[in-house]
Amino acid sequence: MHPMVEWFLIFTLFMLILAVAVSFVKMVIGPTIWDRILMINLISAKVLMFMAVFAIWEDSNLILDIAIAYGIVGFLTITLLSKYIMTGGREK
Amino acid sequence: MTVLNVALVIFLILAALAVERTKDLLGAVVVFSAFSLMMSVLWLILKTPDVALTEAAIGAGVTCILFIAVISRTERYEK
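If you read the protein sequences in the order shown, they are chains U and P.
Its first residue numbered 557, the first sequence is counted upward by one per residue in this note's numbering.
Its first residue numbered 2, the second sequence is counted upward by one per residue in this note's numbering.
By construction, these hints were calculated from the structure, which means they are not laboratory data.
Treat the hints with care, since some could be wrong.
Unchecked claim - Below, in silico cross-link-like pairs of lysine-lysine (DSBU-like), each with a Cα-Cα straight-line distance of 35 Å or less:
#1 U:Lys582 x P:Lys48
#2 P:Lys24 x U:Lys639
#3 U:Lys602 x P:Lys24
#4 U:Lys602 x U:Lys639
#5 U:Lys602 x P:Lys48
#6 U:Lys582 x U:Lys639
#7 U:Lys582 x U:Lys602
#8 U:Lys639 x P:Lys80
#9 P:Lys24 x U:Lys582
#10 P:Lys80 x U:Lys582
#11 P:Lys24 x P:Lys80
Stated by the list, open to error - Restraint-style ranges between C-beta atoms, simulated for each label pair:
#12 P:Glu21 x U:Glu562: 31 to 41 Å
#13 U:Val561 x P:Ala8: 20 to 30 Å
#14 P:Arg74 x U:Met557: 49 to 59 Å
#15 P:Leu18 x U:Leu594: 36 to 46 Å
#16 U:Thr568 x P:Lys24: 15 to 25 Å
#17 P:Val10 x U:Ile612: 21 to 31 Å
#18 U:Ile641 x P:Val4: 33 to 43 Å
#19 P:Ala70 x U:Trp563: 44 to 54 Å
For every residue, glycine included, the Cβ atom is placed at its ideal position computed from N, Cα and C.
Kindly produce the complete structure, drawing on both the sequences and the hints.
As structure tokens, then:
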């Protein structure tokens with residue numbers, strides 16, 4: 557791999573981890589459940605990108621399969637959580 | 002790459018503390034989902050993709066759904 561391309565991939569990985577860190581701070585201090593759901597959605601997307609870039613960096617196909625599985629499962633979790641809150645939950 | 006590893010472990014410690022400190026149990030489930038996600042990335046960096054696949058499917062998916070089902074039948078806020 558060209559050294560410039562490799563440097564660019566590592567830089568992208570660090571930027572994605574930084575984005576996850578900023579979202580994580582908001583998720584911990586988020587007063588309502590809506591902030592937390594929004595931030596878990598954002599972190600899920602960022603981790604998906606991280607896995608794709610990491611797969612290019614490691615040059616392996618298996619990591620891309622994990623990214624696909626995580627995309628499906630993360631969508632399922634967020635949808636069920638939103639549906640539970642939409643029906644009223646326990647808060648009324 | 003070591004810097005990335007250390008950053009992810011610090012994330013894991015902070016997420017575990019946040020899960021323990023949160024009073025809203027539904028919010029704690031969301032933070033636990035983020036914890037599981039970080040764990041999956043860490044397994045990926047440690048070059049065990051099969052464990053990462055299991056962690057992503059069970060830790061972030063099935064466990065969260067089970068916890069939401071339990072919270073919908075009991076209390077939402079910790080007393």
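Okay, the hints, checked on the actual structure:
A threshold of 35 Å between alpha carbons decides the hint, and for Lys582 (chain U) with Lys48 (chain P) the separation of about 30 Å falls inside it, so the pair holds. For the proposed pair Lys24 (chain P) and Lys639 (chain U), the alpha carbon gap of about 21 Å is at most 35 Å, so the pair holds. This hinted pair checks out: Lys602 (chain U) and Lys24 (chain P) have alpha carbons roughly 27 Å apart, not beyond 35 Å. For the given pair, Lys602 (chain U) sits about 23 Å from Lys639 (chain U) by alpha-carbon distance, which is consistent with the 35 Å threshold.
At most 35 Å may separate the alpha-carbon atoms for a hinted pair to count; Lys602 (chain U) and Lys48 (chain P) meet this at roughly 20 Å. As the CA atoms of Lys582 (chain U) and Lys639 (chain U) are separated by approximately 22 Å, the hinted pair is consistent with the 35 Å bound. This hinted pair checks out: Lys582 (chain U) and Lys602 (chain U) have alpha carbons roughly 15 Å apart, not beyond 35 Å. With a C-alpha separation of about 25 Å, the suggested pair Lys639 (chain U) and Lys80 (chain P) falls inside the 35 Å cut-off, and the hint holds.
For the proposed pair Lys24 (chain P) and Lys582 (chain U), the alpha carbon gap of about 16 Å is at most 35 Å, so the pair holds. Of the pairs offered as hints, the one joining Lys80 (chain P) and Lys582 (chain U) holds, with about 24 Å between alpha carbons and a cut-off of 35 Å not exceeded. Of the supplied pair hints, the one linking Lys24 (chain P) and Lys80 (chain P) holds, its CA atoms being roughly 8 Å apart against a limit of 35 Å. Evaluation of the 31 to 41 Å hint for Glu21 (chain P) and Glu562 (chain U) yields a pass: the beta carbon distance comes to about 39 Å.
Val561 (chain U) and Ala8 (chain P) have their C-beta atoms about 23 Å apart, which keeps the hinted 20 to 30 Å range intact. Arg74 (chain P) and Met557 (chain U) have their C-beta atoms about 52 Å apart, which keeps the hinted 49 to 59 Å range intact. At roughly 22 Å, the beta carbons of Leu18 (chain P) and Leu594 (chain U) sit outside the given window of 36 to 46 Å. A C-beta distance of roughly 37 Å is found between Thr568 (chain U) and Lys24 (chain P), which places it outside the suggested range of 15 to 25 Å.
A hinted range of 21 to 31 Å holds for the C-beta pair Val10 (chain P) and Ile612 (chain U), which are about 24 Å apart. At roughly 38 Å, the beta-carbon separation of Ile641 (chain U) and Val4 (chain P) lies within the given 33 to 43 Å, and the hint holds. In this structure the hint that Ala70 (chain P) and Trp563 (chain U) lie 44 to 54 Å apart at CB holds, the actual value being about 46 Å.
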